[in-house]
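Residue numbers (this note's numbering), protein chains in the order written: chain E, 1405 to 1727; chain A, 1405 to 1727.
Careful: at least some of the hints might be erroneous.
Any copy, or any two copies together, can satisfy a pair, since identical chains are not distinguished.
[Stated by the list, open to error] Below, in silico cross-link-like pairs of lysine-lysine (DSSO-like), each with a Cα-Cα straight-line distance of 27 Å or less: (1) Lys1583 x Lys1700; (2) Lys1435 x Lys1583; (3) Lys1483 x Lys1435; (4) Lys1435 x Lys1451; (5) Lys1708 x Lys1583; (6) Lys1583 x Lys1483; (7) Lys1708 x Lys1592; (8) Lys1483 x Lys1700; (9) Lys1583 x Lys1451; (10) Lys1700 x Lys1435; (11) Lys1592 x Lys1451; (12) Lys1592 x Lys1700; (13) Lys1451 x Lys1708.
Keep in mind that the hints were calculated from the coordinates and are not lab data.
Number of protein chains: 2
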Amino acid sequence: MNVELPPGVTAEDELRQRLPAVHAQSDLPDKVTIYEVGARDGLQAEKLSVPTTAKIDFIVDLVGAGLPVVEATSFVSPKWVPQLADAADVLAGLGPDLSRHPVLVPNMRGLERALASNAAALAVFVSATETFARRNLNMSLLQAVDAALEVTEAARSEGLSVRGYVSMCFGDPWEGQVKLRQVSEVSKALIDAGCYQVSLGDTIGVGTAGHVAALLRDHEAIGIDLDQLALHFHDTYGQALANVHAGLQAGVTCFDASAGGIGGCPFAGTATGNLATEDLLWMLTGLGIETGVDLKAVWSAGSKMTALLGRPSPSRVAQALTP
Amino acid sequence: MNVELPPGVTAEDELRQRLPAVHAQSDLPDKVTIYEVGARDGLQAEKLSVPTTAKIDFIVDLVGAGLPVVEATSFVSPKWVPQLADAADVLAGLGPDLSRHPVLVPNMRGLERALASNAAALAVFVSATETFARRNLNMSLLQAVDAALEVTEAARSEGLSVRGYVSMCFGDPWEGQVKLRQVSEVSKALIDAGCYQVSLGDTIGVGTAGHVAALLRDHEAIGIDLDQLALHFHDTYGQALANVHAGLQAGVTCFDASAGGIGGCPFAGTATGNLATEDLLWMLTGLGIETGVDLKAVWSAGSKMTALLGRPSPSRVAQALTP
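For reference, chain E alone in the conformation it holds in the complex (with noise of 0.2 Å):
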């Protein structure tokens, strides 16, 4: 693999000196999939157009880095999300193999369009909540699950795989606290309509650790097994890898993150921050978990493009390598 490093960075003898100790726990899974989720999640919010060639090699360099599904883009309408309106294009110039490659998909006419471009792996999203629902899809919540699954079974029927995204888990801007329950009932429907996982989002970024634990007895009491979830945090309050932490000692073994912590301005008070690959892959490193995924490689993609995008990775990990 060869990686080019952003300009002035650190030499890979001293990368490999200031990398952490390794401390296994023996009560902590062996291994762990990053799912990885900047080209799509990261760049959806972003207003500068990245030019459909710079978003291929960025997924690229993220296959070559290790990371096992790089979701690639979204067949939102283009109205809503300008920064996607290339999705047909992207996948065309990583196929023909794009079962490593899911694509967002919100309804039947996104999945027809990702049918058409050859899409083979799909995930579907739906609000935890009626407010987010109502002012993001402009549905209700039970209209908004049932698109969902509509979309989940026509794929399945194609012989798509389906992920499944629940949003708002920890909490929602408009109505604050969210039973544990609402939303493990929203992950059963999408488990039933044939998600091979759901990953639970934490969108405005407020959970901590023992709602973590606590989302995840729910989600067992009800049947969901923890090997059909995955966690998907956004670092606005700080507390991503914390809750990484309390989902690993629950078994969760799939976690989101973004390469470069791309998804919004660490800055603003918005509902960003996506946990930063690198941030997640240092602390899977010291716990002696296997990614199969190389830190600097996946650093070095990252650069790339937080410095197309003009701004500094919010990566504490990029920060601190970044001299």
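Chain A: place on chain E using the hints.
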């Protein structure tokens, strides 16, 4: 308590709406002591000279926020740390009861100055590594430990309480990895000499949660109780709160933190980045752990100081709450 909020700050009811849901965990402590280090550890490396009155106001605000211990300053040589050359004036402005305002003292000369300023509580420090002792103090590790023990014993005989800091516990920028037993033996020497508590510092911020658990177990293995220990994390690689989580689970009940995350620039790859008190409080609030500290008041105090220093706070919570 009359708290002056930073300009344009979120209204109080909105802050309350945003606070994390409380999910207490039966395996965690009910109460935790936050040992506030912003005025000393936070400011010591600042190049911009902070007026003495602003330091005193900062400390008084932090006491008003409910912090039980606010380390005030350091009687190091003004040649080494010009920022803290006003140590005597800071104490004079805080007196007469200085029991909740420990001062850092590097040697017998510093102890004399601290005693002349009516200090009631001291902190001494020593590195866990040879190279850091030689570079920072121009002594061997054994000489540095002996010097700290000499100060500790002299201060104890004057009736002062003494806390010990051990730095480089999780890694050293020159030596790389640091053996657990090397750290715990330094801690034991400080406790045997009369320190009521030893704070284990991850000065370069590289450690991860499993390392925390292992280091605490090693301290217990040589007869140190966890209530004799505190943990002092830097967020350089984003690990601070995950490490606090591991410390809480082991049973530690005292954590160092710095209001506003003061203690160096988050965009510099140096041994900086104190855990922000605000970020720690967010997690402890969500875990239902009592601290007696008001988040809004700490945020206000930290915001005033970071505004004076002319840069945004590296605290994620402060960033998220400040529009």
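For lysine 1592 vs lysine 1700, is the C-alpha pair at or below 27 Å within one copy, between two copies, both, or neither?
-> Neither: 37 Å inside a chain and 38 Å across chains, both beyond 27 Å.
When no copy is specified for lysine 1700 and lysine 1435, does a C-alpha distance of 27 Å or less occur within a copy, between copies, both, or neither?
-> within (19 Å within a copy, 40 Å between copies)
Identical-chain pair category, lysine 1583 with lysine 1483, by Cα at 27 Å = neither (33 Å within a copy, 57 Å between copies)
Copy assignment of lysine 1708 with lysine 1583, given that the CA separation must stay at most 27 Å = Classified as neither; 40 Å inside a copy, 36 Å across copies.
27 Å Cα cut-off: does lysine 1483 pair with lysine 1700 within a copy, between copies, both or neither?
-> The answer is neither: 36 Å in one copy and 39 Å across copies each exceed 27 Å.
Given a CA cutoff of 27 Å, do lysine 1435 and lysine 1583 count as a within-copy pair, a between-copy pair, both, or neither?
-> between (31 Å within a copy, 26 Å between copies)
Alpha-carbon proximity context of lysine 1592 and lysine 1451, limit 27 Å | neither (35 Å within a copy, 55 Å between copies)
For lysine 1583 vs lysine 1451, is the C-alpha pair at or below 27 Å within one copy, between two copies, both, or neither?
-> neither (34 Å within a copy, 48 Å between copies)
Intra- versus inter-subunit Cα pairing at 27 Å for lysine 1435 with lysine 1451 | neither (36 Å within a copy, 44 Å between copies)
If the cutoff is 27 Å on CA atoms, where do lysine 1451 and lysine 1708 land: within, between, both or neither? Let me know, please.
-> within (17 Å within a copy, 31 Å between copies)
Taking 27 Å as the upper bound on the Cα-Cα distance, should lysine 1708 and lysine 1592 be classified as within, between, both, or neither?
-> neither (39 Å within a copy, 47 Å between copies)
At most 27 Å between C-alpha atoms: does lysine 1483 with lysine 1435 qualify within a copy, between copies, both, or neither?
-> neither (40 Å within a copy, 51 Å between copies)
Hint compliance for this structure: hints 3, 4, 5, 6, 7, 8, 9, 11, 12 are not met, and every other hint is.
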